[in-house]
Every structure is written in structure tokens, then in C-alpha cells.
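Chemist: One-letter residues, chain by chain:
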Amino acid sequence: MARRRLLLTGPSRRSRRGDVVGIALLAVLLVVFPLVATPSVINVGVYALIYGLAALGLSLLMGLAGQVSLGQAGFFAIGAYTQGVLVTRYDFGGLAASVIAVAVTMTAALLVGLPLLRLRGHYLALATLGFGVIVAVLASESDFLGATSGIYGIAKPEMNNRLYNSSTEYFLLLVPVVLIGLLLARNVVESRIGRALGAVNDSEVAAESLGVDTFRLRVQVFVLSAAYASVAGTAFAHWLGVVNPNASNFPLSVKFLLMAVLGGVGTVYGAVVGAFAVEGLDDGLRRLIPELVPGAVGEVQLIGFGILLTAIMIFLPGGLHQLWTTVRRRLAARAGPGDGPSGAEAKAPPDEGPLLAREGRPAPGTPLLEVRGLTKRFGGVTAVDGFDLTVDAGEIVALIGPNGAGKTTAFNMISGPVVPTAGTVTMAGTRVEGRKPHVFARAGATRTFQNLQIFTTATVLGNVMVGRHLRSTSGLLGAALVLPARREERAVEASARELLELLGLGADADRLAVDLPFGRQRLVEIARALALEPDLLLLDEPMAGLSGAERRDLARLLRRLRAGGMAIVLVEHDVEAVLALADRVAVLEDGVRIALGTPDEVRHDPAVVAAYLGVEPEDADAVAVADSGPAGLP
Amino acid sequence: MRRTAPARAAALLAALTLGLAACAESESGGGGGGGGAADESGPIKIGAVLDITGAGASLGVPERQALELLASQLQEEGGIDGREVELIIEDNQSTEDGAAKAINKLVNEDEVDLVLGASRTGPSLAMRPVAESNQIPMISLAANQAIVDGSEWVFKTAQNDRVVIERMIDYMADQGHTTIGLARDASGFGEGVQEMFDEIGAAEGISVVAAEKFAPDATDFTAQMVNLRNAAADINVIWGIPPAAGLAQQAYVQLGIAAPVMQSHGIGNQVFLDTAGDSAEGLVAPLGRLVVADQLPEDDPQADVINEFVEAYTAEYDQGPSTFAGHAYDGWQLAIDALREVGTDKQAVRDHLEGLEDVVGISGTFTMSPDDHSGLTKEALVLVTVENGAWKLLPDQGTGG
Amino acid sequence: MTDLLQLLFAGLSQGAVYALIAIGFVAIFTVSGVINLAQGEFAALAGLVAISAAGGGMLLPAAAVLAVSTVAIVAVVMERLVIFPVRGMTTLVSLILTLGVSTGLKALMLLIYGPDAKGLEPLFPGAFDLAGVSIRYQELLILAVAGVVALAVYWFYEKTLAGKSLRACAEQPVAARLVGISLSRASLLSFLIAGCVGAIGGVLASPIYFTGWESGLTLGLKGFVAATLGGLVSVRGAVLGGLLLGVLENLTAGYISTGLRDAVAFFLLIVVLVARPSGIFGRHAEARV
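Just so you know, the protein sequences line up as chains E, Y and C, in that order.
Letter by letter, the first sequence follows residues 535 to 1168 of our numbering.
Letter by letter, the second sequence follows residues 914 to 1314 of our numbering.
Letter by letter, the third sequence follows residues 117 to 405 of our numbering.
Hints should not be assumed to be uniformly reliable.
Which residues of chain E face chain C? A partial, calculated answer using Cβ under 8 angstroms [to be verified]:
| # | residue |
| --- | --- |
| 1 | ALA661 |
| 2 | LEU672 |
| 3 | VAL827 |
Just so you know, the hints here were simulated from the structure itself, not pulled from any lab data.
From a predicted model like this one, the values you see are computed outputs, not experimental measurements.
Note that beta-carbon positions come from the ideal geometry of N, C-alpha and C, so glycine has one too.
Here chain E stands alone, though its shape is the one from the complex (with noise of 0.2 angstroms):
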């Protein structure tokens, strides 16, 4: 599972206010637009409120959870003939009705989703894209639905005895719908779901290892989306007054695909400014084209589409909101140079009591890491063979031995990443082998990596704030909704700034995590993995790339942090630091333990001292890249 390639980098954490200005301007822009626009451009633009709602959900997918879907207009229809149908032949008002049509696309999504969600990037573009058309064929082949003529007759809707029948009208009832559609979406993607998937969409299996259930959000995701898209379709019911099997085609999922691309793909606001771009695109270039091209007939404003779409994806993959960012960016620019926080000799502090003892932490001296013949062989290699190893609360445990030794492929088994060919592990009475890195977290560990997995669109305290992932609990619809999940933020957001203080990263926290200097951002994944409060930490090579200063301050850390009842375990390539530091000592070599004890003890093992002589330090990186973790695995 490497570092998967993005499609298209989530906005960074710090454009996300540029959401609001967006909304807020979009809102005043929808309002006033029926009143200054004519009758044909507002029938235009009731187009575009509706199509700009499903490209919403689409937009939501594509920026949250990193997925393509080419389905989008199935769920489209689905929303809309549920609609069609309980209208027409049973009689339901149109809200009620519209209620029912999204729970039914919902629980579709749903039914779709948990098969087709294992599938990932192209795989699952191309599978939605069978679904959508597998939608319409079903749709045409069902006389219930009305097959190819579809359902019709769908009265224009009507409320407080008001027919809502002119396009002035229709646009001011969609308004209201569409920035209430907006609010939702940009509070799901400030949430504690949207921070976690915006952290998958970085490194996976970071995220995992923080508790993130990937699967899971995607899954959600993959649901609202079709929930924006089905609203979509109930009101295209009732605004053409007819839905046959061509609501589901792929065209207008590609149209979709189009105002989400255009408008940028994860900001919230730009799928709906999109929609009215294509809309408005669309509606010029059918009356343009045939004035250029004598003759022409039929659907020739596609070549429009089809250019804008290449065109974008080639100069301005971020949309029309890179085009936006970069306007804000050079006038902000101009108007003065501004600096972030320096912040680079914040002094950890000298205090050496226990660090984050907290309540029903298991005593220490109590078993609660236990693995048993643990085995990994990739092909004819064994990479570990039958590695036992017992870890107790509060004590550290390293894990040394030879480049190449296997500690690294131990560490992912343990924690997940890697699937075992033989043996098991127990977390806190969890198995937990073969399993996902956020079953691992759930039974109170996680761990840090070799090479860093830092989320690099997040800043050190969004970075941190993934690791509280556990230890909150607001979901998808409670961050739409806001209001509990707003406090819980709150709280989030000052645990993490207290961590950060105390790890001395404090000043630091609102900076993009990557523009920190490397031995900091080993600091941010230690900060990042505490924040999940675990009974153990598994820390892979901690000290790499650390001054002495540093590695001083880390070692007390550590100590504190034991002294606190959490169990450590971690994987060192400097012997000594390790040796002053642990408890107990396991030595690996070729995927064998050789050792076992007290550092006296393994230091003066004569297989270990024979296993350390001829080893040459220099050559580690190069087998160390190989053996690392989630680049090696399969």
C-alpha cells in the first residue's frame, strides 16, 4: 500500500477559510441574480443549482476521500424516479416525498458502496461507472419506472398554496437549498471525519495507525455524496416534470465530474460555481456554435466540455478556485509580505514528572503486548521467523539489531500494515494481527515511522489533532449539523495545543507541518501519536535525524512518559542511547531473536557482539529503504 499517488491534492488546511468569503459571496450572488438576470438566463441557472448540487456530493467525494466516482448521475436518478414515483402514483407531497427519495439513494449508496469502496482510484472510477449505466438499463427495463419514457406528469411543487412554476421562482426555492447544501458540506469538511480523511488522503497508513477507519469514512462519504446528488435529482423531477432512464447517463455524470473539476475539487463553494459556469457554457455555446458553423444541430456545445475539461486538468488541476487563491495570494503579496511564526528554539521543558497518566491505564507490570511465533517469508525470503517478544505497561522495550534484521517488517506486522504468514498478536486481549493499523490503535496503541509520514497539507496542530481521532467522537452527521460537534472541536483543539506546549512545539503549531525541519517533524508524529493517549507507542527510529540536544530531550521525554504507566517500545539504530534508555533489550538478526534481557544482559551476549561485528553502519539507508514501512508493503 504506498504512499498512493493523489489524484488531486486536498486544498491545504489554511485555504479552507477562503470557503466562507466563497459561501458568503455565492449567497449574496444567488440572490441577487434572478433579479437582474432574464428569464432565460435564470432558467439557465436553475439548471445549474440543481446540477451544481450533485456536483457538490461529487466535489465532497473527490476532495475528502480521494475517490472518483463516474456513477454520480445514478444516484441522480435514483433520487430522482424515487420521487417521480411517490408523487405521481402515490400520492405524497413533494417534501415528504423528497425526504424518502434521499434515504432510499442513501441505503442504495450504501448497498453500492460497501463492495465497490474495497476497490480504489481507477477500479472504483470505472466500477461506478458500470453502476450508472447498469441504473439506466434497469430503469428501461422496468415498466414500473415507466421503462424508456420514464415516469411524468410531476407537478411543479407547491407550498403554503404556492406554485412554485416560473424559473424566477423555482431558482429562489433552490437557493436556499443549495447554501444550506453548502454549509453542510464545508462544516463535514472542517470536522473531525474531514480532518481524518484529509489525513488518509496524505498517508494512509498514518492515518489508520491513528485509529482512522478509512473504509469506514469513505464509505460515509460515498453516502452523502449520493445524498447530495439525490436532493439533485428530486428537484430535476420536479423542475422538468419527468425522469426517464436518461437521468442516469454517463454524459451527465461526466457534466458533474466537469462543474467539480471546474470549480475546484474539494473546495465546497466551487462545484456550485462550477455548475453555473458549465451550465452557462453549455447554454452559449448551443446558440454560438450554429451562428459559426452553419448546419451544425445536436449537442455540439460538447466540444466546449471537452476541451474545458482537458484544458483544466492540464493548466489548472486545482480549478477555478487556484485561479482564485492565486488572485488573493498576489494582492495579499502586494500588500505586504507576511512572515510566519519562527519559533524554531522553543525549549522543551525541564520538568522530569510523569507525563499523561490518566485514569484506567492498566498497571504497570501487567502484559499487555503479546507476540507469539510471529513469521513474515515474502516469497522464498523470511524476512522474521517465530519472533516472540512480551511487553508490559510501563516499561520501554527497544528492539535492535542489524540493517536488514527485520525489526522494521516486525513493527508493521504488530501494528497492521503488514499481514503475517504465521503467528498471532495480542493487544490488551485484542487480536490484533492481520488486521487494519486503526483495530490496532482502537485497542490502545499506535506508532510513528521510520520515514516520516507526516500529513503534508495539514499544519503541526491539524497534524496533531488527527491523533485525538479516537478520543472524539462527533460523527458525519453531527459535524453537518455543527452544534455538538463544535464543542467537541473546541476541546480537541486545546488538548492538542497542550501537547504541542509541552513537547515544546507550541510555537509551531500553526505552520505547515512540512515546512518544519525534520528532527521537529519526527517531534509533530511523537505528538501526533501521544495525542491518541496509547498504553503503548511503538516508535521506529525515533532519534534519526536528531541533534544531541534533541536526542536528550526525546530520551526524557520518554522516560516521563513511562513514568506515566505507558509502555514503549522502540526500534534504534543508536545502541547506546538505547541501551542507557530501555528496560529490556530483544535483538534481532535475519529475522530471528537472539537475544533477549536487561541491556547488561544483551550487551554482553556473545551473539549479539558477534552479530554487531562487521556490520557495516554505513551502507544501512540503502537496505533500510527496503526494509521500511509502508513503502514495502504489498
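For this one, chain E is given, so just place chains Y and C on it according to the hints.
Modeler: Structure of chains Y and C alone, referenced to chain E:
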């Protein structure tokens, strides 16, 4: 914390929008079309929604040509009582949603006085509710009777599929056939056809024993024809429009099905003859008199109208009109006649259309009533075959003719 | 039995067309990881060029050659303009990019050739009966030419130096660069191959299945499904996938319902992607990541 302020602002804006929206709504009053008093100044607007592209293009294109021709003729004559008549044509891309979109635009945006179209059944059915709810007269050019059944505002000029099927059943009874194999268009044009054959055929002991469907844009008919061959009915019916109907005819002959074949009234154009090629020889179809204009007896009441139209159309476009052009002609003439007689008051136009009696058109002689918004009987159709690549009036018109 | 044979035969000739298009997908995907959603448009464009050339009085074989070369040029230009300049191309990005090209090409065809679907006149019109199975000469031609083309492509990849180096690019990009195989040229070549086989498929299919500006969508998607059935990286798999798909579609149409014909392909697509992403004929597993 920092994020809440802008969020609150946005929420406020949303609330504001809701309020504003409510205000704007109450100001804009009734809005929309409706059957209110007609505007008696400015041009009279006639909207047309046609299948110009897509599966129905072979119908919609000649219809557009006919309408454009007639509109320019009217223009030269000086319009109706000095008022210009503006024709606005929209393409529905042969789709139901395209048709609904188009009629919504014509009604809301262009505020037309009357709507013609669509070319095929499905799109016409999609347009019907819009016409009804906006109370605007609509004249469809398509066949399926469902378009006008129980309708107040919708009329049509193509022969009902019911009268077509009556004519076909008459012929089958004459020939002594009792079992039918049917391959029908899967879209609106073919919907309900099987049931109607059974219903009308019941009296003669004729019934459908095998039914297959094909999409209007299908190109491969092997599966359908294999199944028809197996059914071994006395006679087979292919019910579709070109080019699909022509390709199905080809497959029928290629797979060597021995039973005779009938086609529907959906094939009355050159595109069918072109796509079916040699395989069309000998088929029988009930069509309007237009395709055999040159073979009509001189005393035929429609002869004058048809010949005049054929002449004008051929002079303009260098090719003869199809039956679909004829449906458009009829639709236009009925509309203009009503507008000329009663002006643009929509209710009056509707009432006038419903009261039409013995109006001679291309597709037949129209007599409308509150129960019949189609106005044609099976006498509007003649049985036609194909001989040497051209339409030929069947000498024996059977009991129906 | 006759019916089954008739349906099988119709399925095989249709499947041969899918197979040719599927080969195009494989040719490009193996080199650059690009899924070219404009592959179907290559076929449609070839059909339309041939129809209009033949309509203008050109001899059929000449029209076919003109069509294939036109499409080859289009494919190469597309690679240089759209695929080559993009840094950090991923399969997902390529989907969106080629979708854009596909949409543009479609509109271009609509503008140039109009909205109506037409059929190229067959080289050998007519049909004959064999044990009650009616076979069109054109169907035989499709099977024969598709067979020859598939063998030629297979031979090219397995036996020639250029073909082997293309495979090397796909399997070992770094190694390929080290021994002097340019990825850029390999990518260009793969588009050329895809353009040619797609175009041949389009010209062959036109007399029976007709060609219109929109034909490429279905052809392309079905071709993609065929390629996926074969694991997306194997020419052999693509051909088998195409034939299998064609046959299954016709059997479904004949024995279940003609309306479900188009669903078969996509149902298979989803099942295969979820259950066996390496394709049903694939041997070496390709990761889903």
C-alpha cells in the same frame, strides 16, 4: 474559535437569503404562463419541439423542413391578419427530458401561443403535463394514442396507433392469419402496442404469440429475429421507426424468416427505404396517402392538398416529403386555422381545435371531438408495399379501404 | 441448436470488434498506466471517415486506409498534446483527461459529419447459409481481419525488439530508461498502435453496427470491459475478453431479454473488479491499489 465568526456570518447570510427569497416570491405574483387574457399585439408565437437529432432524427428533420417552409409561405402572405407569425423550433435530441426541457423553455421564456410536437410518442408524453398545467394548446405529431387520451389541451395529427392496428388486423383477417410475432420499438412509440393487437385482434381470433423489443437506436437484431423465427407465427410485425425499422427488416430477411412481414406507419420516409434496401420488397404497411401521392385516384378527396404540398416541398428541398413532413403540415395548418379564426386566446384556440370537422389534411380528414383529439379514422390509411425500391399502393386494399 | 449457433456467431463477430478496441486499451495502459477513454472515439471516427470517403466515391479499401491513417494521426497528436505534457500522470488523472478528449472528439464528429448514424457499405455484401446459420460476409471479414490484427499485435509484443522494449517500459520503467528506451517514444508508439487497432475495429464494425458521432461511447466502454476481463495488461486476455463479452451479450439478448444486453457488460465489469481485479484470464495478480 477563529472559524466560528465567518461561519456565523455565512449562516446569517443563508437566513437572510431565505427571507429575501420569500419576499421576492411574494412580489412576483402569479408568474408563469396560464390561460389568462391573450396579448393581442406583437407577433403570434408558435413553438415546435422536434426530434431533430438522435434516434428520431429521420422524423424530426423533415418535420422541421415542412414547418420552416410553411412558416415562410405564411410570412410572404403577410401573416395572420397582419400579425407576424414567429416559429421557434427546439431540438429535444429525441429524449423525453430534452422535450420537457424544451417545452418548459417555450412556455416560460418565449411565452408561445401554441406548441407543436414532439415527433415521437415518448417526448410527446413528456410534454403533455406541461401543456396541461400551463393550459396551452399542444399539437403532437406522434402516433401513440396515449398522448391524447383524456387530454384537455393536447391534440395530435399522426394517425393513432389504434386505427393503424385496426387496419392491420383487417388485412391479416383477409389473408387468413391468426398468429402474430411482434418486434416492437422499446420506447414510447411501441409501448402498449402488443396489448392493442390482442385487444383489437380478439374479435377476429388474432393474437400476438411472440413479442420482442428493440431500442430505437439498435443496430443488431439477430437475437430478436432468431426468437421471431422460432415463434413461427403466421405473420410478423415490425413496429418501429427508421433507421432501426429498416435494419430490423434487413435482419428479418437475412435470417430467412419465411412468414410475411408488416411494418407500422412509422416507416413512411426515404430513410427506411435506404436502410432496408432490397429486404423491403414485398412488405406491407399502412401509411398515409402522401407516400403514394402519384398513385392516388383522381377523385381522392385528399389528392389536391397532398399534391400541392408535395410540389412546394420538392421545389424547396429537392426531395419528396415523408409522411412525417405531412404530420407537421397538418399540425401547422390546424394551428394556423385556429389562430386565424379565434385569435390567440388559448382557451378559444383549444375549443376551436376540439370542434374541427372534416378538415382535409395530408394524413387524412380530421374530425375532432371532446373524446377524440386525434380526429382520424382508419380510412386515413392505405396499404402500401415496396416494389423496386419505391412505395406502391397495394391494389387490394382489403375490407378496410 | 441452430439458434444457439446463430447467436454464438453473431456474438463472436461483435466480440471481435470489442477485442480490437480492448487491444488498444491494453497497448496504452501497459506503457503509461493511462486508461484512454477516447479509445471508442477512435473507432467511431474511423467509421465516419471511411463512410464519408466512400460516399465521395473513393474505393472501399482506400477509404479504409484513409480512415486508419487519419485516426493514427489523431491518436499521436492526442498523445503529444494531452498526455505527454502532464507531469505526475496517474491513472485517475488520465481518466478525466481522456474523458475530455473523448467529449471533444465526439463534438467534432458531430460538427463535421452531422448527427445521423450511417453504415459503411460492406466490401462483400450479402450472406450465406451454413447449417441453418445465416452468416454475413462482412461478419467473416470482421473475424478474419480481427484475428490477423490480434496475431500481428501479439507477434509484435512477443517477438520484435520494439515490442519487447515497449513491454520493458511497462514492467520496468527505470530499467527501460537505463538501457536507453525512451518512455516518451514508447508512449507515442502505444497511442499509434491503439489508434490503428481501434480504427480497424471501427471500419470493420460500421457496415453492420453503423457509426454515428455517439457510437464511440458504447464501443469504448465495452472495449474497456473486455480489456478489464482480460486483466488490462494482456493482449491475449483482451481478445478473449472481447469475444466472451460479445457472446454473453448475444446469449443474454436471445435467451433472457434484449433490453438487458447493455447491462451484461457492466455487471461483469463490477463483478470482475471486485472479485478478481487481475481479470478472469489473468495469471499474475495486479494490485488493486
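Chemist: Hold the hint about VAL827 of chain E up to the distance rule: shortest CB distance to chain C must be less than 8 angstroms.
Modeler: Hint holds; VAL827 of chain E Cβ to chain C Cβ min 6 angstroms, cut 8 angstroms.
Chemist: Should the hint that ALA661 of chain E touches chain C count as held when the rule is a Cβ pair under 8 angstroms?
Modeler: ALA661 of chain E check passes; min Cβ-Cβ to chain C is 5 angstroms, inside 8 angstroms.
Chemist: Would you settle whether the hint for LEU672 of chain E is holds or violated, based on the nearest Cβ-Cβ distance to chain C being less than 8 angstroms?
Modeler: Where the cut-off is 8 angstroms and the nearest Cβ of chain C is about 7 angstroms from LEU672 of chain E, the hint holds.
Hint violations for this structure: none, all hints satisfied.
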